[in-house]
Each structure stands twice: as C-alpha cells, then as structure tokens.
Amino acid sequence: MFPSAQAIAELVGPVSGRVLDVAAGHGLFGIVIAQRNPGARMTALDWPKVLEVAKLHADRMGVGERLTTIAGDAFEVDLQGPYDLILLTNLLHHFDAQQCTTLLKRLRAALRPGGRLVTLEFIPNEDRVSPAMAATFPLVMLATTARGDAYTFSELEHMLRAAGFLSSTLHQPEDLPQQIIVST
Numbered sequence: 001m002f003p004s005a006q007a008i009a010e011l012v013g014p015v016s017g018r019v020l021d022v023a024a025g026h027g028l029f030g031i032v033i034a035q036r037n038p039g040a041r042m043t044a045l046d047w048p049k050v051l052e053v054a055k056l057h058a059d060r061m062g063v064g065e066r067l068t069t070i071a072g073d074a075f076e077v078d079l080q081g082p083y084d085l086i087l088l089t090n091l092l093h094h095f096d097a098q099q100c101t102t103l104l105k106r107l108r109a110a111l112r113p114g115g116r117l118v119t120l121e122f123i124p125n126e127d128r129v130s131p132a133m134a135a136t137f138p139l140v141m142l143a144t145t146a147r148g149d150a151y152t153f154s155e156l157e158h159m160l161r162a163a164g165f166l167s168s169t170l171h172q173p174e175d176l177p178q179q180i181i182v183s184t
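Quick note: the sequence shown uses our numbering, first residue 1, plus one each step.
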C-alpha cells in the first residue's frame, strides 16, 4: 500500500528502540516500521498542523500509543535524541549541499553509537541523465525551491562523510523511482 515505506521497513529489518522520522509528513514511513516492530517507539518531527495528520494516521493504523511528536524546524528544534534509527525521507532535495550537511550533522549527533540514518531520495546516476525520473527531478527543484537539487550518490556520500557518517550504502528497491541510502 505504501511502497516506499514498505521498502524501507524491509531494508532496515528488525528495529527496537527509538526512531525519529524527520519531516514526517503523513507519518507513514515511521508508522510502517512501528507496525512491523512492536519494540519501536516513533518520534515524528514536522510542523504542528502536519503532525496532526501523522498522529491521525498512527491512531488509525494501530500504533498511535507509540508515537510522540516534535513540532518545528528540523534545523532548529531540540531533536531529543539519542535515536537508534533516523528516517530522512524526501527532504534533502529541498536544500543546497551546505544546508544538507548542516542538517546531517545535527542528525548524526542525535544517533546512538551504532545507529543508522536511512535516507530516501531521487538520486540520479553520476552522469546525471539517468534514470529518467531522478535525472529530471532537478527541474522540479529548480522551479519550486531556492536552492534544491537531486544529488548523485557521490554528492550525498560526501555530505554524509562531512557530517560524520563513516559508511553509506546505496540501495535501489525494485519498482521504485527513488533510492535508499543507509548510513552509519
């Protein structure tokens, strides 16, 4: 029903402990993980009105009692870490590389030792002309953001290393236009 959320949940496998969903929106990425992992406690971070939607979905999908929220800007609020897993879905493309690195540093500091960051993005190949969906996505960012872009894996890996992550692995789930990066 939620292919990207299902793909992330399958990729990360069993999760217990604290999970932060940054720019949670509808909340479904964290909700699917909570549904599969009774020991996971979710924290959704987003704007107050958006969090109302995430909470409604969590309640309807049977995991509302394990969802807490943080209202505000991911660049500024107290992230209330540490977390075992952080979900960063469809957000980095809104910002330039420097802003992305700043956010990634904050998230790295909010992870427990051994914790993982899972990033979902449209990631063009290094040639920037394929795959088609990821390669054309920068045009959307050009039209709708001040500094956004679709970054290649090497660009994202550089940002992640600058933020303190030691290892990042790129995954291409079948039948999804987006890619997933798992970083530690």
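Don't take every hint at face value.
[Stated by the list, open to error] Pairwise CB distance ranges (calculated):
1) Val77 with Gly13: 39 to 47 angstroms
2) Glu65 with Phe2: 18 to 26 angstroms
3) Ala97 with Asn125: 16 to 24 angstroms
4) Gly114 with Gln80: 27 to 35 angstroms
5) Gly13 with Leu166: 16 to 24 angstroms
6) Asp59 with Asp127: 14 to 22 angstroms
7) Glu65 with Arg161: 32 to 40 angstroms
Keep in mind the hints are simulated off the structure, nothing from the lab.
Bear in mind the structure is a predicted one, so any value in this text is a computation, not a measurement.
Where a beta carbon is used, it is the ideal one built from N, C-alpha and C, also for glycine.
Checked hints:
1. Val77 with Gly13: 39 to 47 angstroms: violated, 29 angstroms
2. Glu65 with Phe2: 18 to 26 angstroms: holds, 20 angstroms
3. Ala97 with Asn125: 16 to 24 angstroms: Cβ of Ala97 to Cβ of Asn125: about 18 angstroms, so the range 16 to 24 angstroms holds.
4. Gly114 with Gln80: 27 to 35 angstroms: Because 19 angstroms falls outside the window, the suggested range is violated.
5. Gly13 with Leu166: 16 to 24 angstroms: holds, 20 angstroms
6. Asp59 with Asp127: 14 to 22 angstroms: Cβ of Asp59 to Cβ of Asp127: about 45 angstroms, so the range 14 to 22 angstroms is violated.
7. Glu65 with Arg161: 32 to 40 angstroms: holds, 38 angstroms
Comparing the model with each earlier hint shows violations of hints 1, 4 and 6; every other hint is respected.
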